[in-house]
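A.B. asks: Taken in order, these protein sequences are the chains called A, B and C.
First residue of the first sequence? That's 2 in this note's numbering, and the numbers climb one at a time after it.
First residue of the second sequence? That's 12 in this note's numbering, and the numbers climb one at a time after it.
First residue of the third sequence? That's 15 in this note's numbering, and the numbers climb one at a time after it.
Each hint should be verified, as a subset may be incorrect.
[What the hints assert, rightly or not] What the simulated footprint calls covered on chain A by chain B, stretch by stretch (three residues with Cβ under 8 Å from a Cβ of chain B suffice, anywhere in the stretch; the number is not a length):
no.	stretch
1	47-56
2	207-213
[What the hints assert, rightly or not] Computed cross-link-like contacts, DSBU-like style, restricted to lysine-lysine with a CA-CA straight-line distance of at most 35 Å:
no.	chain 1	residue 1	chain 2	residue 2
3	A	K228	B	K181
4	A	K308	C	K28
5	A	K58	B	K57
6	A	K308	C	K296
7	C	K152	A	K308
8	A	K198	C	K296
9	C	K296	C	K604
10	A	K76	A	K26
11	A	K308	C	K604
12	B	K181	C	K28
I should point out that these hints are in silico values taken from the structure, not numbers from a laboratory.
The model shown is predicted, which means the values in this text are computed figures rather than measured ones.
C-beta atoms are modelled at their ideal positions from N, C-alpha and C, and glycine is treated no differently.
As a plain string of letters, each chain reads:
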Amino acid sequence: MFTPDRSKYPEIVDGKAVIDLDSGKYLKLWQGPQHPGVTGNMSLELIVCGDEVVDCKTHVGYLHRGFEKLMERRKFIQNFPIVCRICVPEPDTNEYLYAAAVEEVAGIKIPEQAKWLRTLNMEMSRLTSYLMWIGGHAGAFGLGPIGQWAVTHRDYMLDLFEEWTGGRVYHMYMIPGGVRNILPDGFDRRLEDTLQKIEKLMSEIEKVMLNNAVFKMRAVGLGIITKDMIDRYGVVGPIARAAGMKRDVRKNSPYLMYEHLDFDIITGTKSDAYERLLVRFREMFQSIDLIRQIMKYIDNSKNIHTKLPNVLHWKIPAGETYVKAESTRGEYGYFVVTDGSELPRRVYVRGPSYSHAVALLEDLIINVNIADVAGLMTSLHTYPPEIER
Amino acid sequence: MKEIIQRLKQQFTISNVNQQRVDLTFLSVKKEQAVSLISYLRDFEKFSHLVFLTAVDRVEDIQFQLTYMLHNYNTHQDLGIRVLIDREKAEMASIHHLWKQAGTYQRELKEMFGIDFPGSPRVDESFILEGWDNIPPMRRDFDTKKYSEETYFPRPGRESHDPESYMKSKLYPEGDA
Amino acid sequence: MSLKDILSPFYVWKRAFEKPYTTANPLTDRPGAPRYRGFHDNDMEKCIGCGTCADICQNAAIDMVPVEGIQTSKEDSGLRPKIDYGRCCWCALCVDICTTNSLNMTREYTWVDTDPDKFRILAGAQENFWTGKETGYKLGEGYKLLDHDRITMPMVDPKEGIKSFIELVKGYSKEQAIKEADRCVQCGLCIATCPAHMDIPNYIKAIREDNIPEAVRILYETNPMSATCGRICTHRCEEVCSIGVNGDPIAIRWLKRYIIDQVDRKEIAKILRNEFKPNGKKVAVIGAGPAGLSAAYYLTTVGYSVTIFETNEKAGGMVRYGIPEYRMPYEQLDKDIDAILDMGVELKTGVEIGVTESFDDIYKNYDAVFLSVGLQDSYSLSITGEHLPGVIPGIQLLDDVTKGQIPDLGKKVIVIGGGNTAMDAARTARRLAANVTILYRRREEDMPADQEEIEEAKREGVKFITRAIPVHIDLGENKKIILHWNKAEMLDQGPGKRPKPVLIVGEAYTEAVDTVISAIGQSPIYKLLPEEIGSQIKFKREKVITDKYGQTSLPKIFAGGDIVNDIADAISAIADGHRAAQGIDLYLSKQVKVK
Ligand SMILES: Cc1cc2nc3c(=O)[nH]c(=O)nc-3n(C[C@H](O)[C@H](O)[C@H](O)COP(=O)(O)OP(=O)(O)OC[C@H]3O[C@@H](n4cnc5c(N)ncnc54)[C@H](O)[C@@H]3O)c2cc1C
Ligand code: SF4
Ligand code: SF4
């Protein structure tokens with residue numbers, strides 16, 4: 002079983018390191034909340050010995066907006082514009098899951114075409130989120146230009162979202178009952194152009210990052226997560242797949258139209274930062290492929306929305322459900338409880354970073370060189386809003 | 012899932028079993044049996060993944076409902092374990108020894124709902140809220156609107172009319188035809 | 015680590031020679047996409063100020079405020095949405111729910127100002143840099159939040175319908191009513207138009223919540239005759255329903271009927287539970303039509319002892335003796351009346367004031383008098399031959415049928431007129447197996463009758479001749495009646511005025527029929543009033559002049575219903591009765607004349 006190597010500590014009492022900051026051996030360092038090497042608004046309280054981390058506490062609370070509480074005070078339709086705000090880089094997962102949960106407890110079936118459009122949205126969103134991530138990950142290792150290339154290409158994706166949904170970042174598209182609009186004319190062509198641009202970008206990133214001796218030296222062997230840690234720490238998504246686990250909600254518990262699409266779960270073996278990059282890198286190609294597959298099913302003449310009861314006084318019978326989807330970080334889910342009123346009784350948002358960025362990171366970071374802390378974090382692809390909703 | 016429920020029934024008192032979907036079931040268990048039931052599911056029924064642990068404030072029954080969501084990667088089944096606990100003496104046995112991330116959930120529950128998990132690591136350290144001096148904010152009786160009205164102040168100058176009473180004042184003030 | 019891994023990253027230099035991705039001047043070169051959710055735009059003409067946009071906004075970003083130059087009218091609250099961009103999250107739910115589709119968004123999204131108050135915008139009413147720019151986001155294709163389709167009312171087939179006097183409208187089931195009630199956005203625009211200002215949104219809400227006792231209670235607050243109004247009301251509220259702008263208005267009238275259909279006389283009495291203490295004062299009501307019944311009800315609920323005097327054998331006025339049974343079944347009218355009598359109102363029928371009992375006696379013996387005698391006379395055609403046998407007034411026919419004295423109309427009948435009385439007479443004649451033609455001076459669109467009345471009449475086989483002016487009536491062979499009429503053309507009378515029908519010389523026609531029914535309007539008969547009283551009451555074109563509480567120039571006499579208001583329908587009569595009850599109470603409790 003994994004236990005961090007704490008041999009450098011002077012003393013372990015009751016399984017806990019006793020760190021005397023006055024000894025002059027240790028230094029307390031705050032990484033974040035304003036730090037380019039931290040993903041989003043969170044901070045790490047690091048204790049370092051030399052340039053190695055010997056202890057870490059994750060701190061959140063810099064971006065708590067109380068979404069879950071807010072939702073208990075709003076009508077079902079009024080939460081639709083809120084949920085996407087939980088996560089900037091990948092809002093769509095929230096939109097889909099909230100809509101799906103509400104539809105399930107309310108007993109609403111949505112048209113098949115709406116499901117295809119949602120599937121398209123989810124894959125485009127995955128690609129967009131990965132683009133942002135790969136830029137940040139490269140940046141964490143000092144590969145600045147890749148960050149700029151990737152974010153530009155993310156913007157090309159956002160252009161597509163903008164013309165499709167009317168919004169760049171928050172699309173507010175997957176409304177309970179279906180979706181809000183069909184694809185604009187000529188969208189397929191512009192989408193394909195962008196996909197090709199991204200493919201070209203990927204081949205460049207491969208040259209500059211994946212086949213980069215310096216990067217490899219730092220990423221290979223960094224943050225190895227052993228198989229036995231996976232369940233113990235609640236590890237999901239690409240991180241689990243890089244450890245060889247065939248786990249992907251899209252395949253294991255198919256939702257939307259994923260069972261009609263042809264794809265395999267991408268896995269790795271070495272389970273270090275480099276392997277995780279490889280898995281995600283291949284998943285970006287997989288997303289591009291899935292988008293092309295989905296586009297074959299898009300038909301603008303078909304029904305895209307099931308008429309809802311009047312949303313101004315929509316009551317949903319008492320019930321509860323948990324729905325989940327595969328986000329770029331892994332299993333993302335909504336647990337929704339209703340009590341027969343016009344407002345939800347409870348909406349709980351489950352995000353993968355909740356375990357990745359706290360319990361897992363706090364242990365994994367021990368003995369890591371402080372220069373690699375940022376790289377380790379980005380290789381876990383953590384988003385603090387999933388910790389504090 | 013049926014067989015598992017059967018096996019559970021032999022050892023534990025479970026109730027309110029609800030198969031929500033083919034791959035999602037909820038059941039309730041008494042507080043005293045909860046941790047052993049969860050350990051059993053983890054160790055013998057391959058529910059190796061703790062998806063989440065959260066609470067619902069059933070304030071009208073003076074209870075909290077805890078929900079432990081477990082997942083079995085072999086059968087791809089989700090199982091939600093509901094546990095009702097007293098809201099006045101909100102306390103529950105910890106499961107931090109079963110999953111590393113459980114401690115984080117318990118710490119958050121302590122802060123947001125005021126549910127204690129004695130023995131859970133750092134359970135008393137503030138998690139998200141620093142210097143909070145009100146009742147735990149996720150409790151139903153914490154009124155966010157009232158709190159924000161008392162704590163902050165609205166920008167002056169906004170006023171709105173309700174069409175119905177506005178039309179009354181314009182078209183048929185008291186007693187007019 | 016291979017040599018390739020060392021050389022490969024130098025590829026990055028290639029980029030140095032490529033065109034940069036950035037846009038030179040993003041603020042001017044980059045308009046939002048055609049569907050962009052930018053600043054709002056609102057079409058001031060189309061918007062009706064229903065406030066639905068403000069209701070759905072989860073950020074409370076919208077205030078409804080008056081706007082200069084926009085008048086409050088029955089179909090427009092005069093308010094317009096003002097958006098606080100410090101709160102708006104650009105979700106466009108307000109656009110999706112807008113009842114008139116007046117609200118849209120533009121493609122504009124950049125705006126800098128140092129004054130935060132500038133970011134509160136009356137979209138569309140205020141000049142901005144985006145005024146007149148292209149529309150961005152509007153309601154998407156294949157999706158909408160409002161339900162524009164009314165739940166179809168089950169009806170008796172017209173072919174079946176004309177065989178008897180059974181009620182045509184079958185009424186909603188609970189499920190249908192709740193569904194129909196669900197369509198309402200509760201904007202409350204309709205309340206101003208309802209003459210009784212009934213609390214429509216809230217009784218609809220009570221239906222939705224399946225709280226019938228609450229619904230009944232709300233109805234009786236402003237209207238004690240909902241079984242009646244739920245069937246025959248002119249439902250002008252539906253004309254201003256905000257859902258009606260883009261779809262079918264909520265079936266307000268039928269929902270009202272649904273409520274009252276769910277309860278019987280006993281249940282109504284239980285819900286209303288009158289807890290008044292008699293105050294010892296007596297009020298006389300003359301005429302048991304809707305106005306009189308309504309006044310009696312509201313006076314009783316505040317402790318007056320009320321006696322209604324009525325010439326006819328039964329109460330109900332024109333609702334019983336005018337409106338035919340297939341629209342207004344007698345037992346439903348009785349239900350309303352019984353509930354009122356159950357409150358302790360005394361009804362004396364067969365008493366014609368001025369004939370069987372003198373007005374003076376009543377004037378002396380009661381603390382106040384409410385006059386609601388309605389329009390009992392019928393306008394004459396003012397053409398030669400109108401007094402021939404076989405030429406009868408429409409209300410005469412309807413009165414006879416109600417009293418069970420079925421007249422022999424013969425095979426062929428002509429009805430003259432275009433109002434509801436004409437439709438009722440024509441359709442009644444159809445039920446007496448006659449071939450019926452309606453003759454009207456103006457065009458069909460000018461007919462004062464309800465559109466649905468006209469359509470139903472057509473469906474029942476009534477023929478229409480419009481722009482036809484009757485000229486005179488002769489007696490023909492075999493007791494036939496010959497109606498001479500002339501085609502008319504419509505002459506424009508200038509803006510805002512009704513075009514006038516004018517004879518076209520030479521286009522004369524004749525029609526040989528068995529009966530001619532004249533139904534061009536009713537007028538009042540005031541002979542019950544003794545000279546010295548009548549001379550003290552002020553009139554204007556046959557109508558009694560009152561203040562807003564129905565008080566006439568003689569403080570002790572109040573009046574209401576068809577003899578007072580120009581609308582002359584049941585709900586206006588009921589509203590008059592209610593207001594007069596308030597007026598009488600004010601007058602008798604304070605002994606002041608309220609003006
Ligand atoms: C054919 C027809 C169809 C109509 N259809 C509709 C419709 O669909 N919807 C609608 O809203 N309205 C309709 N109306 C109008 C509606 O019936 C009247 O507006 C309403 O009944 C007026 O009420 P009221 O109380 O003022 O008078 P009335 O209903 O006319 O009642 C007056 C009462 O006073 C009694 N009375 C008169 N003189 C004396 C006296 N001297 N002593 C004692 N009693 C006396 C009369 O017998 C009568 O009962 C219709 C009218 C007619 C004629
Ligand atoms: S766009 Fe959304 S947030 Fe903005 S005013 Fe409309 S409903 Fe409110
Ligand atoms: S919903 Fe539309 S019509 Fe109603 S007030 Fe708002 S903008 Fe005007």
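A.B. asks: Look at each hint and say if it fits the structure.
C.D. replies: Do the hints match the structure? See the list:
1. 47-56: The restraint on the stretch 47-56 of chain A is violated, since only 0 of its residues have a Cβ under 8 Å from chain B and three are required.
2. 207-213: Per the Cβ count (0), the hint is violated.
3. K228(A) x K181(B): violated, 73 Å
4. K308(A) x K28(C): It is violated: about 53 Å lies between the C-alpha atoms, which goes past 35 Å.
5. K58(A) x K57(B): The given pair, whose Cα atoms are some 31 Å apart, holds under the 35 Å limit.
6. K308(A) x K296(C): With a Cα-Cα distance of about 57 Å, the restraint between K308(A) and K296(C) is violated, given a limit of 35 Å.
7. K152(C) x K308(A): Cα-Cα ~18 Å, so holds.
8. K198(A) x K296(C): violated, 91 Å
9. K296(C) x K604(C): holds, 15 Å
10. K76(A) x K26(A): violated, 56 Å
11. K308(A) x K604(C): Status violated; Cα separation ~56 Å.
12. K181(B) x K28(C): violated, 72 Å
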